[in-house]
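Peer 1: Chain by chain, the residues run as shown.
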Amino acid sequence: MMWIVFALAVWAVGWRVNARLAAGPGTRITGLAIPVIFGMTLIAIWEGMVRGLEISPVLLPAPSMIALRFAASTDILWEDFVQTVIKGALSGYILGCGSAFAVAILVDRFDFLRRGLLPVGNFVAALPVIGMAPILVMWFGFDWQSKAAVVVVMVFFPMLVNTVQGLQSSSAMQRDLMRTYAAGYWTTLLKLRLPAAMPFVFNGLKIASTLALIGAIVAEFFGSPIRGMGFRISTSVGQLALDLVWAEIVVAAIVGSAFYGGVALIERAVTFWHPSQRH
Amino acid sequence: MRLTVLPVLTVVSAIFLIWYAAAVWLNAPWAYDKATRTGETLSAQTLVADTWSQEKPKLPAPHQVGAEIWKTTVEKKITSKRSLIFHSWVTLSATMLGFALGTGLGIALAVGIVYNRTMDMSVMPWVIASQTIPILAIAPMIIVVLNAVGVSGLLPKAMISMYLSFFPVVVGMVKGLRSPDAMQLDQMRTWNASPSQTFWRLRLPSSMPYLFTSLKIAMAASLVGAIVGELPTGAVAGLGARLLAGSYYGQTIQIWSALIMAAALAAALVGIIGLVQRVTLKRMGMT
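Chains as they are written, first to last, in the UniProt record's numbering: chain A, 1 to 279; chain B, 1 to 287.
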């Protein structure tokens, strides 16, 4: 009972503080502090409710338990991280985004191809591509190559569609200006159209960054060597070691956010000129 | 319209050509293997014929998949466990429930975010952060835990669909509810409109184009959620279960037919939303 009261009290205090902060002038510090306080109250409520209602750790472990488990099994988590993120997701991400980028430039040269591929690409981007995972695991074996292949297939079309759209985004006036400078195809591409395409390209890269992690983890459900985040999650669920599962989820969350944040940072540096980056 | 039909047809037929060629290429080793064991020599013609008609090919040819789909949809009774329509229905119902829940949650959150500044500043960053987490990774755990609590069947899968589909709705609706400009809001004020009137007469109608765009994304995400949600239930029913069972037993044709079925389902669902969108926006005079 004590714990439930504690949780509710934390919630009330946290919300009051946030309401007062939000009513005040919005600075960078409040913009950062409010979500942090909100997140911390959520964790406090979780802890309090699990202890107060005596929820079995088999169903939902308390955050403190997850933190302990995380600290105790960093070696396993690191091994899984290397297997799934570095070998599977990252190599697939680079390969998939790179080839999609190259194909997009090729497609852009031929108007016929572009008109044909864009609707098809849009269609495929909406499909449950993740279903390809069992097939690719069958083709490329259980190790990280098949995970990378799943990631390539998943990120290819969103990236392709975005890049092709981006290459179209320079206006006719700008292209005419390049022509008056007697710029050839390659100069126009390098100096005008690729820079203009960058906001779209980064949009695609951001979407692909979350897809890559999902693809690599889910592909491991269909077969993997005895390491990897997806493998650990599915076997630990079977052993009811939910604290380890949650520790893996924490890793996945950190990696996912860092990945996305990293792409967003590069985007800010590359497309500093775009209105959405100028506050 | 005509400008796109011909290129699209060309691309689609190119895909089929590549598919057939890849089937020959990928299945050829097995065909050669079989031929050397029986002591036959394969001519080019019999090789192609064999690669396109193996029972467990590495890559089934399109007509094999087509035949399998025909066999499991039209020729089987719908109630049969081997009917693909039965499995599609299982997946579809979870998708629809998750989609409805996700859309409801998304709209509710969006309204809260637009009208409450505290909520905007504290919840919105977490909504965005929630999507950088590979949520599908938690799918098996959610299913197992909810099963342990006694919730089984449709709801656990729908929860995963919900988690995936609420995000595009929140983002789209927040944008949409904020889309009326200051002039329009001032106009409402000069009419002495109450907040609820402003909401129902101005904000909600002007958010409709945004809502439909995000509903399409939400629907596609919801289907992915339902399919992945079926994986850890032990391959009982649903398209995801068909995928898993197929991969256990090396039934590639079964995997591909489930995959094509899922694709058709996604296309149909997104198409229906597109249709509703066109009709609604037309009646509202927005197109």
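Derived by calculation from the structure, the hints in this document are not laboratory data.
By construction, the Cβ of each residue, glycine as well, lies at the ideal position given by its N, Cα and C atoms.
Warning: the hint list may mix true and false statements.
[What the hints assert, rightly or not] From the structure, some residues in chain A lie toward chain B, with a derived Cβ separation under 10 Å: (1) 59; (2) 63; (3) 238.
[What the hints assert, rightly or not] Cut-off 27 Å, straight-line C-alpha distance, at most; resulting in silico cross-link-like pairs (DSSO-like, lysine-lysine): (4) A:87 with B:58; (5) B:175 with A:206; (6) B:58 with A:206.
Peer 1: Could you run down the list of hints and mark each one as holding or not?
Peer 2: Verification of the hints:
For residue 59 of chain A, the suggested interface contact is upheld, since its CB lies about 5 Å from the closest CB of chain B, less than 10 Å. For residue 63 of chain A, the suggested interface contact is broken, since its CB lies about 15 Å from the closest CB of chain B, more than 10 Å. The closest approach between the C-beta of residue 238 of chain A and any C-beta of chain B is roughly 8 Å, which is under the 10 Å cut-off, so the hint is satisfied. Restraint check: the Cα-Cα separation between residue 87 of chain A and residue 58 of chain B comes to about 25 Å, which is no more than 27 Å; the hinted pair holds.
A distance of roughly 19 Å separates the Cα atoms of residue 175 of chain B and residue 206 of chain A; the hinted pair therefore holds under the 27 Å criterion. Restraint check for residue 58 of chain B and residue 206 of chain A: not satisfied, since their Cα atoms lie roughly 33 Å apart, outside the 27 Å limit.
Checked against the numbered hints given earlier, this structure breaks hints 2 and 6; the rest are met.
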